[in-house]
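K.L.:
Below, each chain spelled out in residue letters.
Protein chains: 2
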Amino acid sequence: MCAQLVSQTVALGERSYPIHIGSALLQRGDLLLPHIRSKKAVVVSNTTVAPLYLETLSATLRAGGVEVLPVILPDGEQYKTWETLNQIFDALLRQHCERKTPLLALGGGVIGDMGGFAAACYQRGMPFIQIPTTLLAMVDSSVGGKTAINHPLGKNMIGAFYQPRLVLADIDTLNTLPERELRAGIAEIIKYGLIRDAGFIDWLEAHLPALLARDSTALMQAVARSCAHKAEVVAADERESGERALLNLGHTFGHAIETGLGYGSWLHGEAVAAGSVMAARLSQNLGWLSSDEVARVEAIFAAAGLPVRGAKLGAARYLELMRHDKKVADGRLRLVLLKGLGQAVLSEAASEAQICEAIAACC
Amino acid sequence: MCAQLVSQTVALGERSYPIHIGSALLQRGDLLLPHIRSKKAVVVSNTTVAPLYLETLSATLRAGGVEVLPVILPDGEQYKTWETLNQIFDALLRQHCERKTPLLALGGGVIGDMGGFAAACYQRGMPFIQIPTTLLAMVDSSVGGKTAINHPLGKNMIGAFYQPRLVLADIDTLNTLPERELRAGIAEIIKYGLIRDAGFIDWLEAHLPALLARDSTALMQAVARSCAHKAEVVAADERESGERALLNLGHTFGHAIETGLGYGSWLHGEAVAAGSVMAARLSQNLGWLSSDEVARVEAIFAAAGLPVRGAKLGAARYLELMRHDKKVADGRLRLVLLKGLGQAVLSEAASEAQICEAIAACC
Chain A
3 MCAQLVSQTV ALGERSYPIH IGSALLQRGD LLLPHIRSKK AVVVSNTTVA
53 PLYLETLSAT LRAGGVEVLP VILPDGEQYK TWETLNQIFD ALLRQHCERK
103 TPLLALGGGV IGDMGGFAAA CYQRGMPFIQ IPTTLLAMVD SSVGGKTAIN
153 HPLGKNMIGA FYQPRLVLAD IDTLNTLPER ELRAGIAEII KYGLIRDAGF
203 IDWLEAHLPA LLARDSTALM QAVARSCAHK AEVVAADERE SGERALLNLG
253 HTFGHAIETG LGYGSWLHGE AVAAGSVMAA RLSQNLGWLS SDEVARVEAI
303 FAAAGLPVRG AKLGAARYLE LMRHDKKVAD GRLRLVLLKG LGQAVLSEAA
353 SEAQICEAIA ACC
Chain B
3 MCAQLVSQTV ALGERSYPIH IGSALLQRGD LLLPHIRSKK AVVVSNTTVA
53 PLYLETLSAT LRAGGVEVLP VILPDGEQYK TWETLNQIFD ALLRQHCERK
103 TPLLALGGGV IGDMGGFAAA CYQRGMPFIQ IPTTLLAMVD SSVGGKTAIN
153 HPLGKNMIGA FYQPRLVLAD IDTLNTLPER ELRAGIAEII KYGLIRDAGF
203 IDWLEAHLPA LLARDSTALM QAVARSCAHK AEVVAADERE SGERALLNLG
253 HTFGHAIETG LGYGSWLHGE AVAAGSVMAA RLSQNLGWLS SDEVARVEAI
303 FAAAGLPVRG AKLGAARYLE LMRHDKKVAD GRLRLVLLKG LGQAVLSEAA
353 SEAQICEAIA ACC
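Chains A and B, in that order, are what the protein sequence lines are.
Everything in the first sequence is counted per the numbering used here, starting at 3 for the first residue and increasing by one.
Everything in the second sequence is counted per the numbering used here, starting at 3 for the first residue and increasing by one.
Derived from the structure by calculation, the hints contain no laboratory data.
Treat the hints with care, as some may be off.
It does not matter which identical chain is meant; a pair holds if it fits inside one copy or across any two.
Here are the simulated lysine to aspartate or glutamate pairs, DMTMM-like style, with alpha carbons at most 25 Å apart [claimed, not checked]:
| hint | residue 1 | residue 2 |
| --- | --- | --- |
| 1 | Lys102 | Glu240 |
| 2 | Lys102 | Glu245 |
| 3 | Lys314 | Glu359 |
| 4 | Lys102 | Asp92 |
| 5 | Lys341 | Asp204 |
| 6 | Lys42 | Asp217 |
| 7 | Lys102 | Glu69 |
Turn these sequences into a full structure, and let the hints guide you.
P.N.:
Set out below in structure tokens:
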């Protein structure tokens, strides 16, 4: 086996788990099977990803003596609902799945979030494995144990912290990722640079063309560096009582866009890009960033082909939606802002008027 | 404050929490308020309990400067569903509840299980307080962090391990408990004697008349001794990988009765009583209990006015329903059986034929 492989660990004591990043990993029974201690396994995927990769994964499992029970869901953020989640529960119960039966999520962030939440809740917890097939899921949602479904009144409102036993990121699956989703994934990669790694911003400015051209070496480097950041943050603050909240740069603004337009209109990464620009602008208004730095933030997202202006919902509607977000404490909006490039802070410093001003300037 | 009070601790490291058992505890702001670090609190209750105790509890909270947001659900096991759970989520979101807003469950096991699961999932976890008002909830479900809802194909199939910050058991609330529910609660108390405390069986045989007459000293002693057992077991095995499973004596048989008849037909404690007799009979068939001991098990449940014969579903139907239960590993039924009174074991020793024989003998 000569495929490239980078392995990392999310250090959470007895709940620690490996992240493997590389080529042709769906074929690697040696990486997968040690985490499956059951004669059968459930694979949750969707109608887009399953035709591409389910058979490869299933063949690897079958070769290890594991029967595969596929659960194929419709594709899209609009299906990240209780109703779809219940389809998983129905299948698990009808097939007599047990507490020890592992559930593998093969797909992007929606499949990982829903599969993980199903695994967290079914019989109060079954083993869970993340096999992300989108760039966004590889660098963000598959690592760290956040699982959830949406509620009509808010995104990711119903969920659990539930760590996987393994994250297997097969870079080859990015070859079939639509262009728009590739760019959306890059938004979360840029985010790591902005919040905690100024050197990564430099690297990204130099390597964006290679990433957009799907150069596998560049992709592996970007995914590995992003996962290393995510793993470090999660190990330090699993339940988001402190540092982990910094990963939400642009997310409170971004969630407002996603909820305001209805799920599925903007991709999550697109909303995060525009939201990060808003956060940068607000940071400038507070005197924390220079106009050159804000321009650099805009430029890097724009170079990745991502939106740098928010949806025109009106600042009042943004505020209303942001108040529904989880990042609220005793009624005061707590936002991730930048005190410099590569240095994020969680802050309640901005008044509602200042927040509205930044939103208006970026729509 | 001269009311009697017994306090215990569930020892789970940084997630340890107190259990307070006593009279007039709903009025005790000194016990409640230290666990509420928010200006508002959600109280989940039902249409039976709320008219009796919500105002007393709310007055205590308001006197401490905490605004109360009540969520009143219909009463009954048949409402322990996703639809009812969603009513809680809707209320939490409409009232802009935050991640730090505490949720208090005021009621029996259904309210505690659903309120706890809602608290576990809302924004991936909000602080949770158990205020049990039934004997069954006081001695069993309110302690230990098991939360769940039912699924049409199985009881408690969807849930979470989620520990409360506090359990407040006000014995006075038992004065309004219907006779049948009092008896059902006693079934779970007897269970502690059968699985791990032979001396408690002697005590119960002597004090059953006092318990049935709602003598408050006897009730406090029974609740405290039961909670001490529960706390000890949970501290040793929070996620039911070993010893905790012994608390399920009679439950696999009992769940079959509950599911087979439709939720709400038999009370949980009634099903556990009949199920425990089946488990005792099966233990006798395996040569582990004498016929005198089985007769003593039957007699104590009968003296508490509990059923000692199961519903006539037919042994095959029992087996089918039991296979849906969570206590199954690689297809083999794993049951809690007795190797003596006060000494439970988790065992796969019984064949399907032996299980059927015990069921048939007890229906």
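K.L.:
What label fits Lys341 with Asp204 when the C-alpha limit is 25 Å: within, between, both, or neither?
P.N.:
within (18 Å within a copy, 69 Å between copies)
K.L.:
25 Å Cα cut-off: does Lys102 pair with Glu69 within a copy, between copies, both or neither?
P.N.:
within (14 Å within a copy, 43 Å between copies)
K.L.:
Between the shortest in-copy and the shortest cross-copy C-alpha distance, which are at most 25 Å for Lys314 and Glu359: within, between, both, or neither?
P.N.:
within (13 Å within a copy, 70 Å between copies)
K.L.:
Can you give me the call for Lys102 and Glu240, within, between, both or neither, at a CA distance of at most 25 Å?
P.N.:
both (24 Å within a copy, 17 Å between copies)
K.L.:
Have a look at Lys102 and Asp92 and pick one of within, between, both or neither, based on CA distance no larger than 25 Å.
P.N.:
within (17 Å within a copy, 32 Å between copies)
K.L.:
Classify it for me, Lys102 with Glu245: is the Cα-Cα distance of at most 25 Å met within a copy, between copies, both or neither?
P.N.:
For Lys102 and Glu245, the Cα distance is within 25 Å only across copies (17 Å; inside one copy 33 Å).
K.L.:
When Cα atoms must be at most 25 Å apart, do Lys42 and Asp217 count as within-copy, between-copy, both, or neither?
P.N.:
Close neither inside one copy (36 Å) nor across copies (53 Å); limit 25 Å.
Hint 6 alone, counting from the list given before, is not met by this structure.
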